[in-house]
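Peer 1: Sequence:
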Amino acid sequence: AAVELAILIDREDRKLPFSADYCGIRLKAKPGQKIVVNLDPHSPAHDSATVTKATRNP
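Each residue of the sequence shown is one higher than the one before, starting from 63 at the first, in the numbering used here.
To be clear, the hints were calculated from the coordinates, so they are not data collected in a lab. Everything numeric in this text was worked out from a predicted model, so none of it was measured. Honestly, I wouldn't trust all of these hints.
Said to hold, decoys possible - Keeping only pairs whose Cα atoms sit at most 27 Å apart, straight-line, the calculated DSSO-like set for lysine-lysine is:
1) LYS96 <-> LYS77
2) LYS115 <-> LYS92
3) LYS115 <-> LYS96
4) LYS90 <-> LYS115
5) LYS115 <-> LYS77
6) LYS90 <-> LYS77
7) LYS92 <-> LYS77
What the hints assert, rightly or not - Label-pair restraints from in silico Cβ distances:
8) ALA63 <-> GLN95: 32 to 42 Å
9) PRO93 <-> ALA63: 28 to 38 Å
10) ASP72 <-> ASP102: 29 to 39 Å
11) ARG118 <-> ALA64: 18 to 28 Å
Even glycine gets a Cβ: it sits at the ideal position worked out from N, Cα and C.
Construct all of the structure, not just a fragment, from the sequences and the given hints.
Peer 2: This is the structure in structure tokens:
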């Protein structure tokens, strides 16, 4: 048996010694940025991924 990892988005910023076996897309997000994914269950054509500035938690 084997474990395989699938991800929607790869930030290309490895902090762990493993990588995904399957990847939807690769985005180069800088430190301090986050990726927001919106999936529309009724219309996949409206799915989106947006790179935004990360907000700090109070």
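Peer 1: Each hint needs a verdict: does it hold in this structure or not?
Peer 2: Hint check results:
With a CA separation close to 16 Å, the supplied pair LYS96 and LYS77 stays within the 27 Å bound. A threshold of 27 Å between alpha carbons decides the hint, and for LYS115 with LYS92 the separation of about 9 Å falls inside it, so the pair holds. The suggested pairing of LYS115 with LYS96 holds, with an alpha-carbon distance near 6 Å, which does not exceed 27 Å. Taking the CA atoms of LYS90 and LYS115, the gap is near 13 Å; set against the 27 Å cutoff, the hint holds.
This hinted pair checks out: LYS115 and LYS77 have alpha carbons roughly 20 Å apart, not beyond 27 Å. About 14 Å separates the Cα atoms of LYS90 and LYS77, which keeps this hinted pair within 27 Å; it holds. Between LYS92 and LYS77 the alpha-carbon distance is near 14 Å, which keeps this suggested pair within the 27 Å criterion. Our hint of 32 to 42 Å for ALA63 and GLN95 holds, since their Cβ atoms are close to 36 Å apart.
Taken as a hint, the range 28 to 38 Å holds for the pair PRO93 and ALA63, whose Cβ atoms sit roughly 36 Å apart. For the pair ASP72 and ASP102, the supplied restraint of 29 to 39 Å is violated, since their beta-carbon distance comes to about 22 Å. Hint check: ARG118 to ALA64, Cβ distance near 39 Å, so the stated range 18 to 28 Å is violated.
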